[in-house]
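When you get a sec, could you build the whole thing from the sequences and use the hints?
Same order as they appear, the protein sequences are chains A and B.
Here the first sequence stands for residues 1 to 311, numbered as in UniProt numbering.
Here the second sequence stands for residues 1 to 240, numbered as in UniProt numbering.
Rather than coming from a laboratory, the hints here were simulated on the basis of the structure.
Treat the hints with caution; some may be incorrect.
Said to hold, decoys possible - Computed list of lysine-lysine pairs in DSS-like fashion (alpha-carbon distance at most 25 Å, straight line):
| id | chain 1 | residue 1 | chain 2 | residue 2 |
| --- | --- | --- | --- | --- |
| 1 | A | Lys57 | B | Lys220 |
| 2 | B | Lys153 | B | Lys167 |
| 3 | B | Lys217 | B | Lys153 |
| 4 | B | Lys217 | B | Lys165 |
| 5 | A | Lys57 | B | Lys217 |
| 6 | A | Lys57 | B | Lys192 |
| 7 | A | Lys57 | B | Lys156 |
Said to hold, decoys possible - For the chain A half of the interface with chain B, some residues (derived, Cβ under 8 Å), not all of them:
| id | residue |
| --- | --- |
| 8 | Val65 |
| 9 | Ala95 |
| 10 | Thr107 |
| 11 | Pro109 |
| 12 | Glu126 |
| 13 | Ala127 |
| 14 | Ala129 |
| 15 | Leu132 |
| 16 | Val190 |
| 17 | Ile191 |
| 18 | Leu260 |
| 19 | Thr261 |
| 20 | Leu291 |
Note that CB positions come from ideal geometry on N, CA and C, so glycine has one too.
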Amino acid sequence: MTDQKTVTPFQRHTSSWYESSARDRVRLLLDAGSFREFIGPEAREMSPHLDLFDLPKQFDDGIVVGRGMLGGKPLFVAAQEGRFMGGAFGEVHGAKLTGLLRAARDTRPAIPVLILFDTGGVRLQEANAGELSISEIMRALVEARTAGAKVVGLIGGRSGCYGGGGLIAGTCSALAVSEHGRIAVSGPEVIETNRGIEEFDSKDKSLVWRTMGGRNRRLIGGADAFVDDTIEAFRAAALLLIERAPAFDLDMLKAEQARLTERLQRFGDCADAVDIWAREGIADARSVPGLSTEAFTAIADKAREPRYDAR
Amino acid sequence: MTLAEILASLFPAGHDVVQDRGILLGSGPLKDGGHITVIGVADRTPLGIDDLVRLSGHVLKAVEAGGRDPILVLIDSDSQRMSKRDELLGLNEFLAHLAKCLLLADMQAHHTVGLLYGHSAAGAFIATAMSTRTLVALPGATPVVMDLPSMSKVTKLTIETLQEKAKSTPVFAPGLDNLAQTGAVLAIWDDKRSLADQLQTVLGEAAAGDRRDRLGKERKGRPKAADIAERVRELALHPA
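This is the structure in C-alpha cells:
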C-alpha cells in the first residue's frame, strides 16, 4: 500500500467510511504512516480455490492485516474489503485474521486489535474452509481477550456484517456501528428465500435498516457506539472503546447472559423495531431513522446508557 | 442411530438428560467414575434466541459449579432460525454468547466435546459443535454450510457441475467427509462399538489448543490455512 506520511484531521473528517476501500480506512484511521502490513498483496497469497470456478482472485484475498499506532499506542488491525466477493471469508482471508488474533494472544504486554468488518459471511465457493475459519477466528479471539487484549469491531461498510461475520462481531469486546452498518446472521434475501416474503420482504429497504441497521443495534445493546459515517468518528469511537471494553471472564459472561435474558423478557413479543424503541421510552419512535447522529445519540443514551461490562 | 440409542450407549448406567422443545439439557456418569454435563439440539431443530439462552445458561451453571467436569454437546440441528424476530433481537449475539460460554468452559478445564449425530448447518453449527475442543461425528451425520441447490443459485453453476467439481475438491461441498478433510472433525466414531468407551478415550486424548488448521493440511482439505496463519503470527510477533 502507498503509505502516506501525513493524514490531516480534515481528511479524517471528510472521508466517508462507507465509500472508502479497506486500505484507505486503515491508512486514514491509524496514526499517519504507522501501518505495516503482514503478507501484503506483493506476496500474492491468493485463494487456491477460485480457479475451479473461473473466478478472479485478489492478491490479498480481500483482507488487510498488520500493525500500526492509534493515538500513539501500538495495536493490530484487520480490514475486510467488501468490494471483493462481498468481503467473504475464504481459506486465506480467514487464516490471515486467525494468525493476527493468535499473535494478539501471544503478545506481552497485550495490545488491542481492531477488526474493520465488511462482509456477507462465508465465501460459498470455499464454504467448508470459510465456515471453519470463522470458528478458528472466534477461538483465537477469545484466547486473545483472555490474555488481556481488547478486540474492537468497527462496522459501517457496504457489505455490512452478516453470517459468520455477525458471530465474530458478537465475540468482540466492543462494537462501533454507523448508519450503514448492518449486523445480522441470515441476510434479508436468505430469510425471504427460506421463509417467504411474508416473513421478511428483502426489497423493503426501510425494514432491512430498522431491523438490522446500526440504530436498532445501538438501541437494543447489540453495539456500544453509534457513529457518523466518517473516518474521524470511527477513530474517536475506537479510542474510547479500547479504554472501556470489558475483560473476558465468567463474570462478564454471566452479565451477558443476564443482559440477553432481560432483552428477551422486555422485547420478546415486539413485532417490529419501532415497537422496541417505543417500549424503550422513546416518545416518537417512528422518527428514529430520520434523526441526526447527534440527536439520535442523545435519545439513545437516555433510553439505554451504554454499558461496557457484558460483551 | 436414534437419540435414545445414542444416549443409552453413552450412558449405560442412566442419565438425566431431558429433551424439551428440541433442546437437550442434563448430565450423565462417565465410565471412569466422573461426570459429564450435557447440552444439545435434537430433531433437526432450528436454533433461535430462546433456545440459545437456555443452552448457554446450562453451560455457565456448569462453569460456576467449578470442578473439571467435561461438557458434551450433542447436535442434530437445522441452521440458525431464519426469522424476522430472531434477527430483530440480535441472533448474532445469542449465537456468539453460547460459543463464548463453551470456549470459556474449555479454557477453565471443562474439556468440551461435540458429537454431531445428525444434521447441522451454518451459524448453528459454528455456535455449538464447532465451538468445542474436540468434535467427533457418527457415520451418516450430514453437516452443511449451504446445500447444493442454494449454492447453485449463488454461483450460477448447475447442480451437476457442482457435483462434478466436488469430486476433485472437498472445500465447498456439503457432507461429513468433506468437512472432516478440512480438519473440522477430529474423528468419525464407530456406531457398532460402545459410545461410552469412545467418549472416555477421546476425553483422555485430545489436548487443549486449536490444531484444526494443521489437521486440514495433513488431510489435504485446506492447503494454505495453517501456513498463512502461522506466517502472520510470526510476522506480528517479530517485526522485521
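Tested hints:
no.	hint	result
1	A/Lys57 x B/Lys220	21 Å, holds
2	B/Lys153 x B/Lys167	20 Å, holds
3	B/Lys217 x B/Lys153	30 Å, violated
4	B/Lys217 x B/Lys165	20 Å, holds
5	A/Lys57 x B/Lys217	21 Å, holds
6	A/Lys57 x B/Lys192	46 Å, violated
7	A/Lys57 x B/Lys156	18 Å, holds
8	Val65	6 Å, holds
9	Ala95	4 Å, holds
10	Thr107	7 Å, holds
11	Pro109	13 Å, violated
12	Glu126	5 Å, holds
13	Ala127	4 Å, holds
14	Ala129	5 Å, holds
15	Leu132	5 Å, holds
16	Val190	6 Å, holds
17	Ile191	5 Å, holds
18	Leu260	6 Å, holds
19	Thr261	6 Å, holds
20	Leu291	19 Å, violated
Hints 3, 6, 11 and 20 from the list above are not met by this structure, while the remaining hints are.
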